[in-house]
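As given, the protein sequences belong to chains A and B, one line each in that order. Read in the numbering used here, the first sequence has 1130 at position 55, and its numbers run on one by one without any break. Read in the numbering used here, the second sequence has 1224 at position 43, and its numbers run on one by one without any break.
The set of hints was computed from the structure by calculation and includes no laboratory data. Every residue, glycine too, gets a C-beta built ideally from N, C-alpha and C. A few of these clues could be false.
[To be verified] Between beta-carbon pairs, the in silico distance windows are: (1) A:1144 x B:1310: 47 to 53 Å; (2) B:1310 x A:1250: 42 to 48 Å; (3) B:1464 x A:1261: 40 to 46 Å.
[Stated by the list, open to error] Beyond 10 Å from chain A on every Cβ pair, some chain B residues (computed): (4) 1280; (5) 1303; (6) 1331; (7) 1361; (8) 1362; (9) 1371; (10) 1383.
[Unchecked claim] What the simulated footprint calls covered on chain A by chain B, stretch by stretch (three residues with Cβ under 8 Å from a Cβ of chain B suffice, anywhere in the stretch; the number is not a length): (11) 1145 to 1156; (12) 1357 to 1370.
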Amino acid sequence: MTLLAAEGVTLAYGATAVVHDVSLAMDEGGVGLIGESGSGKTTLARALLGLVRPRSGVVRYGSRDLAALGRSGRAEFRRAVQPVFQDGSEALDPRMTAGASITEALTTHHRMSRAARRDRVEALLADVGLAPAIAARRPHEMSGGQRQRVAIARALAVEPRLLVLDEPTSALDVTVQARILELLERLAAEHGLGYLLITHNLGVVGRLCRTSSVLFAGRVVESGPTGELLTRPVHPYTRALRDAVPRLGGEPPATTGRTEAAPAPSGCPFRLRCPLAVDRCRDEAPLPREVEGRKVACHRAEEVLSGLPASSTSRAGGEASGAPRQ
Amino acid sequence: MTAPALPAFRRTPLRRLAGVDRLAVAGAVLLALIVLAALLAPWIAPYPEDGGSATHPLEALLPPSGAHWFGTDQVGRDVLSRVLFGARTSLLIAVAVLAVSGVAGVLLGVVAGYAGGWVRDVIMRVTDIFLAFPALLLSLALAVVLQPSVTTVIVAIAVTWWPWYARLTASVAASVSTRGFVDSARCLGVPAPLIVLRHVLPNSLTPVLVQLSLDGGGVILTAAALSYLGLGAHEPTPEWGLMVQQGQSLFTTDWWVVTFPGLAILLTAFAFNVLGEGLRARLSR
């Protein structure tokens, strides 16, 4: 059953749209959202959390429009959907101890006796692998991993059904990243939580998410089962992301065009960076369509799937499509 | 104006005193002495009755001596005693103005900064109207309309002072409101007034506290100016600005009548400024 969904959501800051017509559904499992910096993934997360209103389209909580929820519906939504942000030092009030931060979450929706609060804070800290003594510390007295664990404990305090994880590990050391991901995986299984995992790292979603969407310049360019996206990516952007995952002893990644180019203003937004771009990509924006169990927004999806000739021909196409840049 | 980079030694309390904090400590100590003098005025003043309406015509305009360290004024009152009692008036005005304008400005500013949109626009436009008048001119106009008194001085200065705190707080609160912990509280469903009081306000206060301590001197100077112009405290209230005004015509013959209250104004304003600068250096590290 769908808990939270974006339906044709467009988000804009002033006149600049940063997310275009994106649809995404979350249920009890894990869903991945992959994109680079500036792709609009954090803005989309803020819309799903009800922090910004979509310019058009609907964010649905269950079957109801988030923007039309009344007071009690909104409180129910707040209890059901909780965020974990990128950086625990930002997500926790620097003037509050860990215990006070978690207590705030506990008492926002329920009255609790002092003793019950203390027990619950301890239980939550234990749940995220922290000692009770952490409750007395302020964010600057904790490590990055500890802060993120406290932020997770605070999110769990309201017993949510869904977590929106916005790059929950990208501010952490690599070894700590792995442990936080393990923790999230375990907690999701134990509490029966659904989650949306937002990341720029394709490897991370491979382990944690059944289905994933790839966002480029505010548009979903490819979505489907994560395994398929990882083993047989179709959209040239997904392919570039897969090749960008560092591997020991593997082939050096193939170059995929001009990675510094800004999204194209017309036609396919990826065409200026695309090694497969042809004239059609300049003239006509590709719409997402069903191709072998996934949705892809690329004119050349079928060619890619049927085994593409070496990209020497397409290189010329890429140049030819070098439409007026702005 | 950035503080020079400090060597990365371990910060023990003693070493901290040796750094930029010397400034804050010096200001705090000086101010503490002035506050102490004000509080203890009835006991430490050599002639406590001279703080009021006492007159001693036979002792008028005596130069500084062992009996009257700061000399005496036109009606024979001990200038040192009146300077000590005057500290009470000046500090009372400073504290009252800073409290009233600080609370009003910070509350309006924090609401404007968090709410944004039309709420901020309304609050900031009203603020701009007040800021459009030169502060002293607006205080003067108000003081003319109201009866001259210490209360008038407090009201007149507070009215021109709060917009600065509103504007400062609004800009800080707006940036605090974009931080993750505010989003996090919103996602928990914490009601907006609680978010403002619990998260935005405490995290926006530091620059305001610095500004308040820097402004203490300005308030005392403005109060002295209003009294000097005859729009504030009046006889026989011991007030430094008033004493300067009464003594200025005697400067060439009886310099002590105007000099000592003038120095008191200077010293107090200086203490506030040093404390404020010291706090700023310390808190902006």
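Check your understanding: So which hints don't hold here, by number, going up?
Key -> 1, 2, 7, 8, 9, 10 and 12
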